[in-house]
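Peer 1: These protein sequence lines map, in sequence, to chains A and B. Note that the first sequence covers residues 1 to 455 in this note's numbering. Note that the second sequence covers residues 1001 to 1241 in this note's numbering.
If you are wondering where the hints come from, they were derived from the structure by calculation, not from laboratory data. Hints may be right or wrong, so weigh each one.
[Said to hold, decoys possible] Beta-carbon label-pair distances, calculated as ranges:
#1 218/A / 1163/B: 39 to 45 Å
#2 1212/B / 378/A: 31 to 37 Å
#3 414/A / 1071/B: 55 to 61 Å
#4 1228/B / 210/A: 47 to 53 Å
#5 312/A / 1170/B: 49 to 55 Å
#6 1239/B / 216/A: 38 to 44 Å
#7 1047/B / 218/A: 35 to 41 Å
#8 423/A / 1180/B: 52 to 58 Å
#9 248/A / 1228/B: 41 to 47 Å
#10 1101/B / 190/A: 41 to 47 Å
We put the beta carbon where it would ideally sit given N, CA and C, even for glycine.
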Amino acid sequence: MGKIRFLAALLAAKTCGLGLRLLGRNASYLPGKVAIKLCPDFLGHIGRPETIIAVTGTNGKTTVSNMVADILTASGYDVINNGLGSNINAGVASTLIDNSTITGRAKKQLAVLEVDERSSLKIYPYLEPDYIVCTNIMRDSVTRNANTDFITYIISSAVTARSRLILNGDDIICSGLGSDANEKVFYGVEYRTGGEHQGTELKDITYCPVCGQELEIEYLRYNHIGRVHCSACDFRSPDLQYRITALDRDQACFTMVQRENTETYPMVNDNITNMYNTAAAIAVLSEFGLTPEQIRSGLSSLHIVSSRFDRETVCGKPVTMQLAKSWNPVACSRAFDYLRCSEGEKKTAIVMIDYMVDHTENVCWLYDCDYSAFADPSITRLIFGGPRGKDHIVRCMIDGVDKDKIVTTEDLFDTVNHVVPEDADSFFILYDLYLVEEAKKVEALLKKRIEEANQ
Amino acid sequence: MTIEVLFPKLCNLYGDIKNMDYLRLCLPEAEFVETQITDERPRFADSDVDMVFLGSMSEASQKRVVRWLEPYRARIEEMIDSGTVFLATGNAFEVFTDSIENLTTKETFPGLGLFHLTTKVDLFDRYNGKNIGPVDGIQVVGFRSQFSQVYGDNSDGYFMACEKGAGINRKSTLEGVRRKNFFGTHLLGPLLILNPLFTEHLMGLMGVPEPKAALREETIAAYEQRLEEFSNPKVTFIDSH
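Please work from the sequences and hints to get the whole structure.
Peer 2: Here you go:
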């Protein structure tokens, strides 16, 4: 009965996918949703690729899964992945349906799947990935992800003994995932940047998970990312099997000590969060069996997708596009701090986050964000676009940002009209994932304004 | 004036703890005492304080907080009866109920029992919502996001009679708990910042003459915008995720 139901669900899903494609629509979610609706344990029946690499975590999972899939493809592997689709169970099912024959057998034998943390229980028990990479676990959407204890509970409840865990060893929450039954490999970034910002950002873990005493901080980069130990018991951050030990910006490369060997790799992006992402990708690819040469070759052709980060020079002044994911306070705080750390003494930033049509979204997350980076004197003009301008002003002022440098406007495209190109040496557009198209238009308007001012 | 902030390194979710940063701006002369969960005793055990604040925590932390506060249950009750201001936001007020039952982990433990209500936590049922309604005659607005529902009769003392949005559970219209100057509410995040008039009311209850909220012009502007938005009939007040 189960097999018949599965085949019926598969047929319905494939028909649905075909129909969507004929209509020119995206088929990366609905076929899987149909399949799971008709056969709730569909993922337990669909043909499983021989090797599955799952990538999860609060921040960086899209970047890491794209990196891993791209490097594997560049190395000659035939890979399926959900990079262009949904990362919940229906999206994963859609990807596997695409990869299956009419009887449900897998066509390609290597899958790289980005997995939403909250969907772990609906995916891992069925697919039992060979590798699960977790980039980090931090506070995220108040309404969806609640808190890190909840997310940790969900992931650890879902992981089976079959999965080898590739974990961020500089994240004491992430590194505690799974159980003793899981083989674990830890990666991290050892070199210090010297520019760690001591802002108002909150930490998601302060106390020892074993004895409850306050952890001793050896150093912190941001939030709780760093190295800690407990003086009351023997708990400490785990030893790293993959660690980036040095960064050479001039040569655009970095050094990684991986197990017993030291390797040099080309740098994709010098943002510290992307260094962690790169370390995660190298760790899982190495464990999978790729050689350092293959990884080097793959990394050399990569760049962070331009929907997340982009920089151009217009009339001699840099214009940086930086994703700042709304409702995700740590990701936003990182983007704000990247602005603070970037070169320039008179920076103008257009900030387009927290944009909802009904104008009434839960703004609690703004108060988990660290706005103190905006108080830096190098940021001379802040222009908030969208309906929450009044909230942003209050939020900024509570973190000590001078009100005089803040401008707000509801119209996203009007933000550009408040830029004074002559008064700035660099420009930034911080934008939400849901505002990519609007941000591109703002970028074009901004470039035009800079060029006009330069004539 | 002394304000005791309980466990700010543990109970700091959803922006709740920023209420205290704001209150510091409102009351620059006040002493803010931060008592951590690893400390031996609270300040209020040995001397009077003017306000006690406890913010949102993870469901896994509620038991630890109850255990820490349990020896001071009688003292807390004495302070409530004498009119000390308490503010417990988000799921913090649940630790003062009779019991907390986690339907997902199958664990039940007693709360402090200062309010005869029971709390049920379901990690697979995230409740999100908003509320608007009067608190001591002041329109208060706020946001909800929780795994819990609270059951029992709170008609003798509630935080808000909701004009819009649910009360202590989806079927209730009476939100939170209230006993003298103890304010317990599921509203979370920057409650005081979103409601400067309510903040001034609390400051008055603490004995501040002619209380004036910090950043008054800016917070009132944001508050008035939100009042207007919350009056929009298209706005939903009870959502689930």
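Peer 1: All hints are to be evaluated individually against the structure, with a verdict given for each.
Peer 2: Here's how the hints hold up against the structure:
1. 218/A / 1163/B: 39 to 45 Å: violated (51 Å)
2. 1212/B / 378/A: 31 to 37 Å: Because 33 Å falls inside the window, the suggested range holds.
3. 414/A / 1071/B: 55 to 61 Å: holds (58 Å)
4. 1228/B / 210/A: 47 to 53 Å: holds (50 Å)
5. 312/A / 1170/B: 49 to 55 Å: For residue 1170/B against residue 312/A, whose Cβ atoms are near 51 Å apart, the range 49 to 55 Å holds.
6. 1239/B / 216/A: 38 to 44 Å: The hint (38 to 44 Å, Cβ to Cβ) holds, given that residue 1239/B and residue 216/A are roughly 41 Å apart.
7. 1047/B / 218/A: 35 to 41 Å: Distance hint for residue 1047/B, residue 218/A holds at roughly 36 Å.
8. 423/A / 1180/B: 52 to 58 Å: holds (55 Å)
9. 248/A / 1228/B: 41 to 47 Å: violated (55 Å)
10. 1101/B / 190/A: 41 to 47 Å: holds (45 Å)
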